[in-house]
Amino acid sequence: MDKRQALPAAEFKQQLTEAIPHLRAFGRSLSGDRDVADDLVQDTLLKAWAARDRFIAGTSMRAWTFVILRNTFFSSMRRKKFTANYDELVAERILSAPAPQQEPLHLADLQRGLMELSDDQREAIILVGAGGYSYEEAAEIANCAVGTMKSRVSRARKALEDILEEGRFTSASDGHANLTATALENIIGAVEKIAP
Amino acid sequence: MPVRSKEDMQQRLGIGLKNMYLSVLDEPLPDDMLALLDQLDTDDDDDVHSSRPDLNG
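Chains X and P, in that order, give the protein sequences.
When we follow our numbering, the leftmost residue of the first sequence carries the number 1, and every step to the right adds one.
When we follow our numbering, the leftmost residue of the second sequence carries the number 1, and every step to the right adds one.
Take the hints with a grain of salt, since some may be wrong.
To be verified - Okay, derived cross-link-like pairs now, PhoX-like style, lysine-lysine, Cα gap no bigger than 25 angstroms in a straight line:
(1) Lys18(P) / Lys6(P)
(2) Lys6(P) / Lys150(X)
(3) Lys6(P) / Lys13(X)
Simulated from the structure, these hints should not be mistaken for lab results.
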């Protein structure tokens, strides 16, 4: 017998509202753009509301809506509605350092570095490294095996460390202000290779 | 550029990722998103519910 129960509309809406900040954070990290992320969140809210009788009471609203958002994003990427990019607005912020002797990690560089990763790797490191999901939860959201998720996170972390350490940005995250000198030099070098 | 240890970089990356995510959580919701939320109830009998989208995107 199927014991699944849908939430009453008011309770569903309450839980949906509570998930929105996380949806915005996930969407912005995934797309690299504030406006694109908010469009994604709005699409997600409409889809979630329309499908609310398929949400099972007692399960995670956040995880359920993350699945909708990531499916919308990747589906739209294929149709070119949304494009992964880099947000100039967030580039002005500087993230706090773990200790005074360490240089702060610039959000601009971090976001650009994320855009250098494959979609799968970017999603994995955002879910586990930024969102704090377990490998099991992240694998469920991304619809892959736990081992695959672990592998993606590991490769994403290594690639991101290398990119940030070396300032090795490419045209995948190109085109905006507040670049570090190293990144800018690399971009100029890449342009010169294309049009010497 | 100062030489950093691998552990240092991993620590900075971990904190950076978390801060990137957390910084968005503190932002107020945009007005158009709040308006959309308000509309959800009123659209109950309209096309939003009847034209159920595919969750797969």
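Structure-based check of each hint:
For the proposed pair lysine 18(P) and lysine 6(P), the alpha carbon gap of about 18 angstroms is at most 25 angstroms, so the pair holds. About 20 angstroms separates the Cα atoms of lysine 6(P) and lysine 150(X), which keeps this hinted pair within 25 angstroms; it holds. A C-alpha spacing of about 44 angstroms is found between lysine 6(P) and lysine 13(X), which places the hinted pair above 25 angstroms, so the restraint is violated.
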